[in-house]
Amino acid sequence: MNAFIRSSTILTLFIAALSMAPLLNESLQLVYAQPHDGSSHHRRPADIHQYLEHLDRAERDTDQQPERVVEALSLKPGLSVADVGAGSGYFTRRFIQAVTEKGKVYAIDIEPDMLQYTKDSIARMPMPSTVEFILAQPNSPQLPPQSVDLIFLCNVYHHLDNRSAYFSKVQSALKPGGRVAIVDFYHDARSGDVGFPRKHLVPRDTVVGEMAEAGFQLTREHEFLPRQYFLEFSPRP
Numbered sequence: 002m003n004a005f006i007r008s009s010t011i012l013t014l015f016i017a018a019l020s021m022a023p024l025l026n027e028s029l030q031l032v033y034a035q036p037h038d039g040s041s042h043h044r045r046p047a048d049i050h051q052y053l054e055h056l057d058r059a060e061r062d063t064d065q066q067p068e069r070v071v072e073a074l075s076l077k078p079g080l081s082v083a084d085v086g087a088g089s090g091y092f093t094r095r096f097i098q099a100v101t102e103k104g105k106v107y108a109i110d111i112e113p114d115m116l117q118y119t120k121d122s123i124a125r126m127p128m129p130s131t132v133e134f135i136l137a138q139p140n141s142p143q144l145p146p147q148s149v150d151l152i153f154l155c156n157v158y159h160h161l162d163n164r165s166a167y168f169s170k171v172q173s174a175l176k177p178g179g180r181v182a183i184v185d186f187y188h189d190a191r192s193g194d195v196g197f198p199r200k201h202l203v204p205r206d207t208v209v210g211e212m213a214e215a216g217f218q219l220t221r222e223h224e225f226l227p228r229q230y231f232l233e234f235s236p237r238p
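Reading the sequence shown from the start, the letters are residues 2 to 238 in the working numbering.
Since the hints were derived computationally from the structure, they do not count as laboratory data. Keep in mind that this is a model prediction, so the values were computed, not measured. Heads up, the beta-carbon is just placed ideally off N, CA and C, and yes, glycines get one too. There's no promise every hint is true.
Unchecked claim - Okay, derived cross-link-like pairs now, BS3-like style, lysine-lysine, Cα gap no bigger than 27 Å in a straight line:
1) Lys176 with Lys105
2) Lys200 with Lys105
3) Lys103 with Lys77
4) Lys120 with Lys176
5) Lys120 with Lys77
6) Lys120 with Lys103
7) Lys120 with Lys105
8) Lys176 with Lys103
9) Lys176 with Lys77
10) Lys77 with Lys105
11) Lys170 with Lys77
Stated by the list, open to error - Now the in silico label distances, taken between C-beta atoms and shown as ranges:
12) Pro198 with Gly178: 23 to 31 Å
13) Lys170 with Pro238: 15 to 23 Å
14) Thr101 with Asp189: 23 to 31 Å
15) His50 with Arg237: 41 to 49 Å
16) Lys103 with Glu224: 27 to 35 Å
Input sequences plus hints: build the corresponding full structure.
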C-alpha cells in the first residue's frame, strides 16, 4: 500500500533473521522500496515458497496464539471477514473455520504468488468455504462497499504509509456495526527480535491517534499477546 514503504534494507535484514526471530512478520510481502523518483517498487523475498512455509510453521503459534485471537474476535457463522495482507493464509484459514461456508472470507494481498499459495492451502482444507481472493492495489484493499463485518490486519499496519487516508477509504467497506482489528508489534523491547529495526514499528498510541483521524474510535483492547498489541476499532457515530 503506498504504503508499505520503509526501506529496501528491511528485506535483507528480515531474511537474515529468519532463524532467530520466533514470531515472523506475517506481512513482509507488503514491504516496498522507495526509489529517488518517488515511485514504489514491490520487494519480494528471494524464495517466496520457503518464506511462506516458514510463516506457517507450528512454532509460530506459541506467541501469535491464533486460536485465541480468533476467539477474542467473537466471529460466528455467517459473518464476513477481510484478511488484509493475507500472506500465507495463516489467519485466513482460521477465519474460514470460524464463519463457516455460511459466511465469507476475503483473502487480500498485493503479491500474486502469495495469494496463490493461500488459495492452494485453502483448497486442501477438509471443509467447504466461501472465499474471494483479491489481488489488491498498494493504496486500497479493493473491497466492495458494505461487504464485511470485520477487517483484520496482522503485522501489516506498520508497513502502511498515509495510514489515516487509507483507513478513511476502508471505512466504506464495513457493514453497519463493522469493525477493524489491528494486531502489530509493540514499539519497545516487548516485541523482541522482529528481524528489522524497531524504528519501523508504530507505537500503539500512534495507531489510536491515526485511526481517530480516519474516523474510528478504539472500542476494545486485548492484552494477552506477549509481543503485539491487539486493538479493535469501530467507525465513530
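Here is how each hint holds up against the structure:
1. At most 27 Å may separate the alpha-carbon atoms for a hinted pair to count; Lys176 and Lys105 meet this at roughly 13 Å.
2. At roughly 36 Å between alpha-carbon atoms, Lys200 and Lys105 are farther apart than 27 Å, so this suggested pair is violated.
3. Straight-line distance between C-alpha atoms of Lys103 and Lys77 comes to about 9 Å, which keeps the hinted pair within the 27 Å bound.
4. Restraint check for Lys120 and Lys176: the C-alpha separation of about 25 Å stays at or below 27 Å, so the hint holds.
5. Straight-line distance between C-alpha atoms of Lys120 and Lys77 comes to about 22 Å, which keeps the hinted pair within the 27 Å bound.
6. Proximity of Lys120 to Lys103 is assessed by CA-CA distance (about 19 Å); at most 27 Å being required, the pair is judged to hold.
7. With a CA separation close to 14 Å, the supplied pair Lys120 and Lys105 stays within the 27 Å bound.
8. Restraint check for Lys176 and Lys103: the C-alpha separation of about 17 Å stays at or below 27 Å, so the hint holds.
9. Distance hint between Lys176 and Lys77 is fulfilled; the C-alpha atoms sit about 15 Å from each other, no more than 27 Å.
10. Proximity of Lys77 to Lys105 is assessed by CA-CA distance (about 11 Å); at most 27 Å being required, the pair is judged to hold.
11. The hinted pair formed by Lys170 and Lys77 meets the criterion: a straight-line CA distance of about 26 Å does not exceed 27 Å.
12. For the hinted restraint 23 to 31 Å between Pro198 and Gly178, the CB-CB distance of approximately 38 Å leaves it violated.
13. At about 19 Å, the beta-carbon gap between Lys170 and Pro238 stays in the expected band of 15 to 23 Å.
14. In this structure the hint that Thr101 and Asp189 lie 23 to 31 Å apart at CB is violated, the actual value being about 39 Å.
15. For His50 and Arg237, the Cβ-Cβ distance of about 42 Å falls inside the hinted range of 41 to 49 Å, so the restraint holds.
16. Taken as a hint, the range 27 to 35 Å holds for the pair Lys103 and Glu224, whose Cβ atoms sit roughly 31 Å apart.
Of the numbered hints given earlier, the model fails hints 2, 12, 14; all others are met.
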